[in-house]
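Colleague: Keeping the supplied structure of chain P fixed, place chain G upon it in accordance with the hints.
So the protein sequences, as listed, match chains P and G. So the first sequence is residues 1 to 228, counted in the working numbering. So the second sequence is residues 1 to 213, counted in the working numbering.
Read the hints as simulated data drawn from the structure, not as lab findings. Be aware that a few hints might be false.
Straight line, CA to CA, 25 Å or less: simulated DMTMM-like cross-link-like pairs of lysine to aspartate or glutamate [said to hold, decoys possible]:
(1) G:Lys161 <-> G:Glu139
(2) G:Lys46 <-> G:Asp170
(3) G:Lys46 <-> P:Glu167
(4) G:Lys46 <-> P:Glu93
(5) P:Lys121 <-> P:Asp10
(6) G:Lys184 <-> G:Asp142
Chain by chain, the residues run as shown.
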Amino acid sequence: MTSYPKLVRDGFWSNNVGLVQLLGLCPLLAVTGTFINGLGLGLATLLTLVASNTIISMIRTLVRPEVRIPVFVLVIASIVTVIELGMSAYFHELYSVLGIFIPLIVTNCSIIGRAEAFASKNTVGRAMVDGFSMGFGFLLVLVVLGAMREIIGAGTLFAQAHMMFGEAARALTYVLIEDYSGFLLAILPPGAFIGLGLLIAVKNLIDRRLERRSIRQAAPSAQIAQAT
Amino acid sequence: MSYRSILISAGFLFLFAVLGTGLVAYTYDTTAERIANNERRALLRKLNEVVDTDSYDNDIFNDVILVQSPLLGTRAPVPVYRARQDGWPVAAVLSPVAPDGYNGAIRLLVGINLDGTVTGVRVLRHQETPGLGDAIEAERSDWIRRFTGKSLNNPDLDGWKVRRDSGEFDQFTGATITPRAVVKAVRNALIYFKANRHQLFAQDPEPEQETPS
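Chain G extracted, bound-state conformation:
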């Protein structure tokens, strides 16, 4: 094969790489804003399920800090969204991980009032058995809603277990491991919140935040 034809082939390949990349770049550019909006809306919808929309007036989506603690179930930093009313802290939404689900980690969203009561818990991501463990999803059963209003005093620390372990929370038929993991993760999130409440709200908001609170 002559150098000439090798060069032509290589040039052609290069041309297609450029065209393909150009097409992808153009599509990315035209859809990026819409995708960011979608992601933002999806997360906001989840956030609003765990904190009452009327209870705060700040831009909760951007009032976020990253924290790290073994109590939150993962070594990676997890976001904490902070709800404020007239600049005063109202509630925080933690995103802990229940590392000991039946089939891998379960990512949760736990809303906690300033006084330490749970405003709501939702599952962000899980791979539990369909039909058994997935009853932790709010669309499938009411189980996850029963956390609302609970705190470390109600029930006391010993009560934060499933009934099988002589605690206060129901398990489902056929699935104990999944609820056990979720109950433990929520309890640990509450313990973490109680110990770090002041730091959680005290830290400065993100630098991008322009509106003074």
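Next up, chain P with everything else stripped away, as it sits in the complex:
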């Protein structure tokens, strides 16, 4: 049984959907042209993961193993359709931008992956926490990559925030670099691949640093143990 803190750590960092499992790359790479697009798709995916994990964990004892996958697919597809309709009703402008990527959440392998590997074997509370931390980890990658590409590509941050937070948020757009002519590569799909590659490299670098430090801390204590 994994503890709650470990579940959170796994989702946010050590088993991150975007950076370690490398699942759901199609939406990840396609929509992260701006911070707001990343945030929109990230929230939709997070919501789907929490809802699908919770429901699947609730019915895990009822579902017979031979039909579990179709049942999971049904549950996930229903949730995503509900979210799609809700988004179209309440965040219409954002929906018109993210439109085709919302139904694609169904095909995000991380969702059926968590349903099969975790939610179908764990209690409701645990499944919910797992869905939240996995979804939030994915959201973080989307947002960081979106912000990176937006700053490098267009020199702004939070552009088009009004699509999500209403007209008042138009003022949120933050121009970081005045009179910036833009760096096209960052906005185009290759920029997404390069950006994701850099993010994974940075994560691996930090992991290695941490590992080295923990070895160094462990080493002196081992010597002491020998001496005594």
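Modeller: Below, chain G without anything else, positioned relative to chain P:
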């Protein structure tokens, strides 16, 4: 595996199909009106960018016909919204396609006054290169606003080209194909409008239209 357990599994799957469909149907039912309103508002906002709201008094959104012509850039029928004042035609908003954009078709909205002058042009949908070709969007540059007031006599037919092709319209740095496609599509829409002006307004409004005009 016994028939009994197969039946139970199938029944369970069926139950979930029904529950899932029920959930989606319920959500659809509760949001359908709001979504239709959103779509209507989004299109009306675009329409009002190309035709002056004060110039007409009819329900332009529902006063629409579908027309088909090679001049409109697509084989599919495209909508024409008709603006009227006291029942008299004022302007029409055509929705032509520029099929030869740099990266696929560009859908436009072209408002044309009864006398054939452009009241405004906006881009509905495009996939042009961000940072170069997307300057055709009104939010990104003023380029698209320069069509306003133009007609087939101003400039004449030869002038309806980008400067690179010795016409009157500017291209952008780094992008000639996109403006060329848009200029051509607007010009063709004007030619179509000139040839079909009377039919465009003469056709009966949609049967759903109850208010007599």
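Colleague: Each hint should be assessed against the structure and marked as holding or not.
Modeller: Against the structure, the hints come out as follows:
{"no.": "1", "hint": "G:Lys161 <-> G:Glu139", "result": "holds, 23 Å"}
{"no.": "2", "hint": "G:Lys46 <-> G:Asp170", "result": "holds, 24 Å"}
{"no.": "3", "hint": "G:Lys46 <-> P:Glu167", "result": "holds, 17 Å"}
{"no.": "4", "hint": "G:Lys46 <-> P:Glu93", "result": "holds, 13 Å"}
{"no.": "5", "hint": "P:Lys121 <-> P:Asp10", "result": "holds, 17 Å"}
{"no.": "6", "hint": "G:Lys184 <-> G:Asp142", "result": "holds, 18 Å"}
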